[in-house]
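Participant: Each chain is listed here by its residues.
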Amino acid sequence: MPKLKIISDKCGGCGQCVDACPYDGIEIAGTLAKFKDSCNWCGTCKDACPFEAIVVEEDKAPAAAGLDAYKGVWVFGEQRDGHIQRVVLELVGEGRKLADARKEPLCVLVLGDKMEGACKKLLADYPVDKVYYVEAPELAVFEAEVYGKICADLIRAKKPEIMLAGATCAGRSFLSRVAVEVHTGLTADCTGLAINPEGLLMQTRPAFGGNIMATILCPNHRPQMSTVRPRVMKPPAAGTGRGGTLEKVAPDKARLLSRSKILDFAAEIEETVNIAEADIIVSGGRGLGGPENFKLVEDLAKALGGAVGSSRAAVDAGWKPYSHQVGQTGKTVCPKLYVACGISGAVQHLVGMQSSDTIVAINRDPDAPIFKVATYGIVGDLKEVLPILTRKILERKGK
Amino acid sequence: MALRIVVCIKQVPDTTEVRMDPVKGTLIREGVVSIVNPFDSYAVEEGVRLKEKHGGTCTVVTMGPPQAEQALRDCISVGADEAYLVSDRAFAGSDTWATSLTLAAAIRKIGFDLIICGKQAIDGDTAQVGPGIAVHLDLPQATYARKIREVGEKSMIIERLLEEGVETMEMPLPGLITVVKEINEPRLPSLKGKMRAKKYELKKLTAADLDLQPGKLGLDGSPTRVMKIFAPPPRAGGEVFKGEADQCADKLVAVLAKNGVV
Ligand SMILES: Cc1cc2nc3c(=O)[nH]c(=O)nc-3n(C[C@H](O)[C@H](O)[C@H](O)COP(=O)(O)OP(=O)(O)OC[C@H]3O[C@@H](n4cnc5c(N)ncnc54)[C@H](O)[C@@H]3O)c2cc1C
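Chains as they are written, first to last, in numbering that gives the first Met the number 0: chain A, 0 to 398; chain B, 0 to 261.
Take these hints with a grain of salt, some might be off.
Just a few of them, taken from the derived set where beta-carbon distance is under 10 Å, the chain B residues facing chain A [stated by the list, open to error]:
hint : residue
1    : E16
2    : H53
3    : G54
4    : G55
5    : K118
6    : T142
7    : E162
8    : T167
9    : E181
10   : L209
11   : Q212
12   : L218
13   : A256
Simulated restraints, written as ranges between beta carbons of each label pair [as the list claims (entries may be wrong)]:
hint : chain 1 : residue 1 : chain 2 : residue 2 : range
14   : A       : E56       : B       : E200      : 30 to 40 Å
15   : B       : D137      : A       : K113      : 25 to 35 Å
16   : B       : V239      : A       : T239      : 36 to 46 Å
17   : B       : T205      : A       : V140      : 36 to 46 Å
18   : A       : I27       : B       : Q246      : 57 to 67 Å
19   : B       : P171      : A       : Q15       : 47 to 57 Å
20   : A       : K260      : B       : Q246      : 56 to 66 Å
21   : A       : G12       : B       : R88       : 49 to 59 Å
22   : A       : K233      : B       : A256      : 17 to 27 Å
Read the hints as simulated data drawn from the structure, not as lab findings. For every residue, glycine included, the Cβ atom is placed at its ideal position computed from N, Cα and C.
Work out the full structure: start from the sequences and follow the hints.
Facilitator: Rendered as structure tokens:
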């Protein structure tokens with residue numbers, strides 16, 4: 000958004016711009032609107048003004064040269080233990096659409112060790128035109144600094160127009176380094192991507208804890224880069240391979256050196272912990288009454304094949320480790336099904352789960368705010384409802 | 000060893016209160032208060048604890064409008080030694096690229112061994128500023144730190160909380176970490192702290208102090224552009240079952256099955 004100007008002849012001093020501004024960046028001084036220091040040039044006031052008194056000042060930045068040299072859509076092929084992660088397939092699905100809209104190839108960038116087989120399988124099964132595979136023992140385990148350098152080098156050499164990565168711990172940690180290194184924009188945690196009529200990538204994402212959506216462009220820098228929230232995009236069906244090619248790229252040895260050293264990785268023993276990437280999450284809150292009743296939540300999660308989440312109250316009480324916490328100071332999740340058990344639905348919890356596809360609330364209090372966002376609810380005692388529900392789910396699956 | 004610790008903090012609106020009027024498409028700001036970004040209070044606490052244990056200084060820095068001063072004073076009240084307000088009209092409209100460049104320049108000027116950031120800010124929610132600063136200053140990083148196990152002369156050992164477990168990493172100093180909530184429990188301000196916060200004379204830095212090219216600051220130095228802001232689609236009203244638990248469960252399972260959820 001270029002800078003803004005107020006046309007004093009037109010301004011009626013009505014203050015609608017003041018109400019509209021998300022930054023407290025405009026005020027009525029005397030009878031006219033005036034930008035304050037906190038103005039962020041976001042342009043919300045321009046749309047709110049009934050007098051068309053706020054206009055865009057001409058963008059002085061010259062259109063950057065050489066953007067046309069950037070072509071194709073890249074997806075970061077995140078792997079753990081040599082396995083391509085599910086979010087990569089989701090991005091292949093979405094990236095395919097973007098690449099088709101731009102009439103350009105779709106490529107996946109894999110950094111790892113002994114993964115040639117996995118790369119070939121990806122090409123055989125899914126609609127990818129090319130896999131760039133950088134092989135080195137130093138790349139077997141993700142480390143942000145090394146991954147960042149190698150990825151930046153490849154971007155400089157091959158010039159993709161668009162680069163996507165999952166908004167995972169790894170994706171967020173290294174792509175933000177790459178963006179600074181290659182001097183381009185990065186839009187965080189996108190939930191919607193599309194190509195606009197000018198051919199630019201429109202990146203839509205939640206901000207302010209999901210209370211507001213923003214669409215972001217990167218007009219004058221390449222590649223246009225986004226991290227994309229896991230579980231939002233659909234993976235393509237297997238068997239849609241199109242005979243794409245594998246290109247092995249030799250890394251610059253000097254760029255493989257990391258200053259940090261990974262000493263150890265302790266997987267959380269419960270399989271139920273990866274809530275950020277789970278399809279189904281069953282969460283418990285203070286309403287469980289005590290740590291022993293988390294068993295009821297875990298049983299339902301197991302019956303549904305889901306992960307176990309927790310409200311902050313239950314984490315603070317020591318009933319569940321922090322890694323399970325959903326909400327403002329925990330994780331943001333958007334599974335297909337979110338079951339909230341004994342969770343009142345404080346805003347701080349809601350901002351972490353309100354974009355789930357289906358929300359089920361089980362709570363004794365019919366006035367609990369959680370019912371306002373719930374797709375379905377049961378008013379009742381958890382200790383009674385949960386075991387019955389678990390049994391019925393198991394019965395259904397048994398059939 | 001005495002550590003020079005710099006903690007980056009951001010003043011944010013309490014986002015749980017920020018809403019959009021879905022009809023008018025405008026923001027409802029009434030009653031929204033400004034707070035220190037919650038993840039940054041864990042960062043400040045960790046900085047103060049490290050300094051208390053190992054000696055050194057804990058300096059907080061924010062880039063923001065003049066009213067961000069209050070957030071800095073809040074940090075002084077819980078034990079930070081010094082506070083810098085990096086403020087200039089030229090910084091307005093910064094995205095994470097320009098924000099991290101500006102903060103990096105300020106931190107370079109202040110001097111540091113360790114930089115601590117929050118995991119992410121609850122308004123922008125990008126988690127990009129910390130790693131961005133690290134690259135501008137050519138530093139190693141450890142994001143999502145949940146515990147600092149050891150601090151040595153030249154490096155520290157950090158536990159990082161990832162999706163599927165905990166990674167232990169040795170990071171050399173100088174370096175940058177971003178912290179999650181699990182790392183500590185922030186203290187409340189002491190009376191003495193509150194007094195100091197009131198009287199403390201903030202240090203200020205403007206664009207001119209930072210030796211940066213004008214084209215790299217604020218909106219002009221930001222590759223991204225916010226094109227529009229809008230309210231998320233409202234959630235459809237729910238169906239609530241009451242009464243006999245057994246029947247409720249039946250109804251729920253039936254409707255979930257019908258919609259292909261289970
Ligand atoms: C609706 C909306 C969407 C946006 N989306 C994007 C986007 O996708 N990409 C993008 O590049 N920009 C985006 N921005 C701009 C971005 O929010 C600002 O650049 C902001 O100044 C820093 O980013 P953040 O709030 O996401 O911080 P984060 O990167 O989430 O913050 C991480 C940590 O960095 C430190 N920190 C962050 N900001 C400051 C500061 N000003 N002073 C001191 N320390 C700080 C804190 O320790 C904080 O905990 C968006 C802004 C809005 C309003």
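Participant: Each hint should be assessed against the structure and marked as holding or not.
Facilitator: Hints and how they fare:
1. E16: At about 8 Å, which falls below the 10 Å cut-off, the nearest Cβ of chain A leaves the hint on B:E16 intact, so it holds.
2. H53: Since the shortest Cβ distance to chain A is 20 Å, the answer is violated.
3. G54: violated (24 Å)
4. G55: violated (21 Å)
5. K118: Hint on B:K118: holds, closest Cβ of chain A at ~9 Å, below 10 Å.
6. T142: holds (5 Å)
7. E162: holds (5 Å)
8. T167: With Cβ-Cβ at 4 Å, under 10 Å, it holds.
9. E181: holds (4 Å)
10. L209: With a closest approach of 17 Å, the B:L209 hint is violated.
11. Q212: violated (13 Å)
12. L218: Check passed: Cβ of B:L218 comes within 5 Å of chain A, closer than 10 Å.
13. A256: holds (7 Å)
14. A:E56 - B:E200: 30 to 40 Å: Given about 37 Å between the Cβ atoms, the range holds.
15. B:D137 - A:K113: 25 to 35 Å: Holds, since B:D137 and A:K113 (Cβ atoms, about 31 Å apart) stay within the stated range.
16. B:V239 - A:T239: 36 to 46 Å: Taking Cβ atoms as reference, B:V239 and A:T239 lie about 41 Å apart, which means the hint holds.
17. B:T205 - A:V140: 36 to 46 Å: With Cβ atoms ~43 Å apart, the hint holds.
18. A:I27 - B:Q246: 57 to 67 Å: holds (58 Å)
19. B:P171 - A:Q15: 47 to 57 Å: holds (53 Å)
20. A:K260 - B:Q246: 56 to 66 Å: Because 59 Å falls inside the window, the suggested range holds.
21. A:G12 - B:R88: 49 to 59 Å: violated (23 Å)
22. A:K233 - B:A256: 17 to 27 Å: For A:K233 and B:A256 the Cβ distance comes to about 21 Å; the hint holds.
Of the hints listed earlier, those the structure fails to meet are numbers 2, 3, 4, 10, 11, 21, in rising order.
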